[in-house]
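Starting from the two chains in their separate frames, assemble the complex, guided by the hints.
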Amino acid sequence: MQGHVKEKAWWSSASVIVVVFALLPVAWIISLSLKKAADINDGSFIPKSVTFDNYRNIFDQGVFTAALRNSIGIALISTLVAVLLATTAAYAIARLDFPGKRLVLAFALAIAMFPQISVVSPLFDIWRRIGLYDTWLGLIIPYLTFTLPLAIWVLSAFFREIPWELEQAAQTDGATPFQAFRKVIAPLAAPGMFTAAILVFIFAWNDFLFAISLTSTNRARTVPAAIAFFQGTSQFTQPTGQIAAAAVVVTIPVVIAVLIFQKRIVSGLTSGAVKG
Amino acid sequence: MTQTATGPPPTSSPPPAGPSRAVSAPKPRKRTDRAMSERRLGLMLCAPAAIVMVAVTAYPIGYAIYLSLQRADLRFPNANKFIGLSNYSSVLSSSLWWQDLWTTVFITVVSVAIELVLGMALAIVMHRALVGRGLVRASILVPYGLITVVAALAWKFAFTPGTGFINNWFGSDRAWLTQHGSALFVIILTEVWKTTPFMALLLLAGLALVPDELLEAAKVDGATSWQAFRKVTLPLMKGAILVALLFRTLDAFRVFDSIFIQTGGANNTESVSILGYNQLLNRLNLGIGSAVSVLIFLCVLIISFVFVKLFGANLSQQRGES
Chain A
1 MQGHVKEKAW WSSASVIVVV FALLPVAWII SLSLKKAADI NDGSFIPKSV
51 TFDNYRNIFD QGVFTAALRN SIGIALISTL VAVLLATTAA YAIARLDFPG
101 KRLVLAFALA IAMFPQISVV SPLFDIWRRI GLYDTWLGLI IPYLTFTLPL
151 AIWVLSAFFR EIPWELEQAA QTDGATPFQA FRKVIAPLAA PGMFTAAILV
201 FIFAWNDFLF AISLTSTNRA RTVPAAIAFF QGTSQFTQPT GQIAAAAVVV
251 TIPVVIAVLI FQKRIVSGLT SGAVKG
Chain B
277 MTQTATGPPP TSSPPPAGPS RAVSAPKPRK RTDRAMSERR LGLMLCAPAA
327 IVMVAVTAYP IGYAIYLSLQ RADLRFPNAN KFIGLSNYSS VLSSSLWWQD
377 LWTTVFITVV SVAIELVLGM ALAIVMHRAL VGRGLVRASI LVPYGLITVV
427 AALAWKFAFT PGTGFINNWF GSDRAWLTQH GSALFVIILT EVWKTTPFMA
477 LLLLAGLALV PDELLEAAKV DGATSWQAFR KVTLPLMKGA ILVALLFRTL
527 DAFRVFDSIF IQTGGANNTE SVSILGYNQL LNRLNLGIGS AVSVLIFLCV
577 LIISFVFVKL FGANLSQQRG ES
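Chains as they are written, first to last, in my numbering: chain A, 1 to 276; chain B, 277 to 598.
Calculated directly from the structure, the hints in this document are not laboratory data. Every value quoted in this text rests on a predicted model; they were computed, and no experiment measured them. All residues carry an ideal CB built from backbone N, CA and C; glycine is no exception.
Derived list of chain B stretches under chain A, where covered just means 3 residues or more per stretch with a C-beta under 8 Å from a C-beta of chain A: (1) 408 to 414; (2) 550 to 560; (3) 572 to 584.
The shape of chain B in the complex, shown without the other chains (with noise of 0.2 Å):
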């Protein structure tokens, strides 16, 4: 059942157990009363969630959009028009929106491969521990319960030289979060930090699915544990793996509050997350800024696509098991 609401492509989505499931049959012209007003019911009750839904998301899309396409500088509020392109072009052709770019997928690839083994190993632990499984699954519950303001905190004050313990329990005055290299070295360990308990709970769930006799019965034919868990365990968990790749890539990819805290875009740590962000309340400049908020939302789009295309099959299968 936890699978029922596991994935997405919406096309898929379970049959729920509805008595009269007759929305694709051609219409009846007369619906009995009941079932008039259980549409109306049902309207009337998804209604008030779905307003929000569109008011804070489609609308200020499309007045993204729209602003994008215009000149709209805070600091010269007279001088706004239509520019057409020229926001989108000046943001590509600069090389700050690419460095951000691939700063962005360097954090996301590196952290979210990282949360995966982890995860994994972590779910197996939690799946095979038999002492102390439930104090495994509480304190890995903490680093979720954490404001991940406070989590990049924490991180940097262990960072930072003279404040630290990291330096002093390695005998290092390395300075962590002026230099590129070991900023994103700490950035991506908060990020893992934070994360890998998400991506683990997903995990259980998923290996939980995995039926002991399977396992018992590729021992008996002589596999070794790890064959067992490639030639078993993976192939049955490719659905779950999948739908926690594609949140957690999703999710990793808009990553800004950790950068913000701990570097604050310094030393070429900046995501695509913060280049907007300074844009609109740095530079007041809200059609570069929605310029840049557009090509994120576009970069989001091409993820989830090729996500769909590339896994469609097995997303969708995930959730027809259910």
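Same shape as in the complex, but just chain A (with noise of 0.2 Å):
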């Protein structure tokens, strides 16, 4: 009974050790933003005093407001897109039977593993000359590519899960294998596409590389790139406390999303095992 009451409590006194490793980092930029431009060198991890007035400047600001259109809309779009392209790509796969198939998923998981470094150039020369070069479009269709595969893989797993007699069995009623898939299949689809999409907003929302690479203004900079290259309201003052109170306004609605559906993104990413 001792040995089981002391193996508790070790486990518990390690759970305690990871909960405030993995929050330290957020607890201290929340921290920072909070804090009056006079003490954010004073290198404390609590405030002394709380003040919003970075929050107040940053959305006085037309860099930071146009990074975070930017980078809704962009996100949004993609995730729209790349779940519907890898939802007909994912039930034709895990039900469908045609040449090819095998070909798609391998090429899917070669992608996963792509290093992006290696399109942007090219990307870079190509954008400019067709005219995508910092436009909303010129980040979404890289991002489409990048989280197709993982889309595609999560749905297959989920789509091969789903009771297809009943597909079947609206076939058998007379309905054609596109209206079975429309009437009967998408709604039991649903939590899958749901995981999904949030899989793929996530890879969108955290690009950096396509962001600072295709983009120069603020028309199409999304918010990662602005904050990167963020420079204060005056060249006086130093911009620490507004980066940071950026951080947390683009962090916290994922955050809050990531814990209200964790079940669906850790059984998403485990199944998908492909980072986003």
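See the structure below:
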């Protein structure tokens, strides 16, 4: 019995260490964002006094609000299109018999491991030629490419679990394969699509390499890129507090979403086994 | 079922439960209308996704190979011409490329090794913890959900003298990010903090596949916990571990965001991805930049090849089990 209590205490303290280590940098950046300009360099973990000036400042600046709008728009459109394309492809892979099926899966897997920097130079050149440089579409297209593999793997794993007798029943009743897909299977597939959507959104929201390479102005620059190049309101104030505030603003919604949908995310990540 | 989609080589991809799996059988002259329409629908449904994937990877890589054989400097747009492998010999004979490759390999190996150990520990804690399992899982998802740039900034500020709490807590006045060794330490710490959760979740899925009865049996036979872990758990998890290692290795090799934010590549902390980016956007040299891109692509191919050669049997066994 004694050993049991000891073991329990051991696992619990290990859990506490994990939680503290996981949350420490997040608490730190929140603390920085709440510090007064004068206290930014005091090196203390907890702010001596709390102010929301940094938040007011960033929302008064075009740079940040434009970046926020770009990030939201680009991430949402990428998510929508990627999930749509991946759903049809995954359905075909899980259910239909056709040549080239394995090729699609193999290719998707290869892309998941693909070094993104390798396509940055050619895309930079092509985009400048055809006018996609510094546009939303110029970012949406690479995001689609690099999230489709994950979405296809997650969804085809999910589709294999769906009770397909229902589809056959619908076809027996005279539905075409497409009708069976749309009316019977799509509603059942919604949770899987939702999982894929979250993972795609996180990838697009997170991306930095494409965002700094393929954009140059507020027109399409997303928040991670804007934060990296953020100069502050004037040359005489250190932008640290404002950068921290911007970081908190873009982090909080995603972290909340991740926590709400954690079960789906965990199952999606482990079934796809591909990091977004 | 989580295993069905878990791993590489496509050659061993699990057979779908379709009704007519006659792909490899000799093609019958007459197909039923049903089978034909199924083929057509399948191709049609896959086509858009396949086209987008090919258009933005295969085509640009081909174009990168073409550019890498050219003198293509955006500052001298009219001086483009075919110069064979000169760009490659300039890159491969420069000490910068080898220095950056070494840095990248160092960061990759050290951070993946630490992540494997920590991730395994974390997976076991989540597997075993009776109290607060949900809390642990929720909090390790926070690093996963955080933007890498934000994570890099948080650690950067934490280690910046004056601003950061680290020096304050440990009574030091070290300028962490301006020295080679300590800057690498901060970069690796950031990588480990951000991606260990992913590793832990993959390993946790593998851990769930180890039957409790086997561990009980080992205990009854007098094995210590450590022996049971080494002789029972680890062998059964081999496939899951290798898949996690492969994905994280290739991912770590691309390291860019945290280095860009924390040091910008100063003090020999530059990775090959940073090198490629600098050639392109600071030097505007598409030819050299593309040669670097192609070389990075080759490195990734080599890493995948080595994994598949060394562990191919295990990787495909991992999928076969499903």
